[in-house]
Amino acid sequence: MSFMQGIYLDNQSAMLPDPRVLDFAKRHLIEVPGNPSALHSVGLAAKSAVEEAREKVAELINAEDARNIIFTGSATEANNLAIRGTAMRNASKGMSLLASRIEHISVLNSMKDLQKNGFQLQLIPVDSRGIVDLQALERMISKQTIVTSVMYANGEIGTIEPIKEISHIVHEKGMLLHVDATAAAGRIPIDVQNDGIDLLTLSSNDICGPQGAGALYAGPDVKIQPVTVGGGQERGLRPGTENLFAIAGMGEAARLARLEMNDDSIRLKAIRDSLIREILKIDETHLTGHATNRLPHHASFRFDRIEGESILLTLDAMFDIQVSTGSACSSRTLEPSHVLLALGLKHEQAHGSMVMTLGKSNHPDQIPVVFDAVKKTVARLRALSPL
Amino acid sequence: MSDIVPDAELDCIGLYCPLPLSMAKENIANIDIGQVLKIQADDPDAEKDIPGWAKRAGHQILMFERSGQVATFWIKRIR
Amino acid sequence: MAQIGYSKKVMDHFMNPRNVGVIDDADGYGKVGNPVCGDLMEIFIKVKDERINDIKFRTFGCGSAIAVSSMVTEMAKGKLLDEAMEITRKDVADELDGLPPQKMHCSNLGADALHAAIQDYWVKTGKIKLDEVKKEDDGEGDACPT
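Protein chains in written order, with our numbering: chain A, 1 to 387; chain B, 1 to 79; chain C, 1 to 146.
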């Protein structure tokens, strides 16, 4: 099964790292493989590669200082560091945590885990399009709420959150705002200073960098403590020998994303909008997430009376088109996605979901092919369905 | 302390949703009908999720014990 | 093309399901599962001389659910009712060269729907009473058996 032969519409779960990124990062496996902590010239060259990557990541999000970027092994790790590292460090100031209902499980479980340390967790409801309920947030937040976590955009439904408004509320009535930008970074502009963000999570593979790196931005006045303890790398906040290849790659990916994001988003938005327009022509089909405040490469739907895994399998096996689904059957527990349920969907509605995320390999010629395949897939499964 | 001797044991202490539930489902499939699975979990959601699942799936909760943050279930596979 | 560790047989039955459809004047009808849980199976049978003469199914569900429905109808077609009642959940899964562990409950639904259809026929023809029906699954309740 060649990755390049079919139509790949699941860029969110995995993408081919950009070949330019790989070429750049490869040097650090072959030519400059030093340990950034070593004091001789080989080590110093490696250290300088890490610092260069740090600058590039800082530029992507307009961080005031590159030193505010901490490299981790993944976005999940960055989320753990953001939540646990901040909560434990600032516990004397308050023991309350808030998160939206649609946060990634690494945020929700980090907060849950902190309940063992006496913290209280509350979940902020979202509306039927996934937008955080600002009035509920105002009611739930207090001066004891050390961290409020709301993602920049949600990867399952594409919805972009009103981060500036949320930031105002958090800074007026609570303390710190953490934003998981895994799905949004490299797709839409992020400005931590202008948007009023204290902590921000990034993922390397989600910006076409190599797997194995993530980053946490922590603003100048934010005090955190490490979750993984050891030596002095990353100012002691995330010790361990650096994954030079992945970090260098992440930096280069961040640089290319910053330069190409606008053109990419215009191009992908056009494809996205055509796909949405066409697919919504199919009966009993609904868009999930916000219709306009959505990621430029993201088209997600739910179809009445049929089930998500069988949609995914049919598209893959019959048409060589790869998509994702938030359906229960495709997850280990067979429970439907917590995101879809948070929108107020009933279980049976949450089962028929399909998520398409566009990337570099997608172009407008593919639209009629995809539409035809989805139409036939839906028809086939509806003919099979007793509902 | 319980006298029930389990046929299999599942330790989910430190693991969070959805792991305790998904591991419970897998582990119960690996024992025979009539055998007993002992599950330990300290995820507060597990105390609600595991009996809910057992009831829906038709299994019998022979016993439940809570000691500090750890909840222990002895579940007999019925189907 | 294997997904979630699906065997070739499962994929074959998923892509080319046998016996899809309804029988308007069915002699027996069984329905199990629940759209709330993501699985609903219907089986229709025509019976002649105590044999399953014709059998059709419709399923709302994942790859396993559709493959299992197709396989169980193929296994049951032409069998005597008593023989078909002997088909177990494990038999169906084995015929498909196995299912991933979290999908085993789909094989339950296949066998259960077949048995429900047969028992429905027996109730209709007076062989058993309604309260004697062995309820393996409640198609109407909110149980998500797994």
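Simulated from the structure, these hints should not be mistaken for laboratory data. From a predicted model like this one, the values you see are computed outputs, not experimental measurements. Warning: the hint list may mix true and false statements.
Stated by the list, open to error - Cut-off 20 Å, straight-line C-alpha distance, at most; resulting in silico cross-link-like pairs (PhoX-like, lysine-lysine):
1. 129(C) <-> 25(B)
2. 134(C) <-> 124(C)
3. 31(C) <-> 134(C)
4. 31(C) <-> 9(C)
5. 269(A) <-> 143(A)
6. 48(B) <-> 112(A)
7. 9(C) <-> 129(C)
8. 116(A) <-> 25(B)
9. 48(B) <-> 25(B)
10. 93(A) <-> 143(A)
11. 55(B) <-> 134(C)
12. 134(C) <-> 9(C)
Going down the list of hints, with the structure as the test:
no., hint, in the structure
1, 129(C) <-> 25(B), "violated (35 Å)"
2, 134(C) <-> 124(C), "holds (15 Å)"
3, 31(C) <-> 134(C), "holds (14 Å)"
4, 31(C) <-> 9(C), "violated (24 Å)"
5, 269(A) <-> 143(A), "violated (40 Å)"
6, 48(B) <-> 112(A), "holds (15 Å)"
7, 9(C) <-> 129(C), "violated (38 Å)"
8, 116(A) <-> 25(B), "violated (25 Å)"
9, 48(B) <-> 25(B), "holds (15 Å)"
10, 93(A) <-> 143(A), "holds (9 Å)"
11, 55(B) <-> 134(C), "holds (19 Å)"
12, 134(C) <-> 9(C), "violated (30 Å)"
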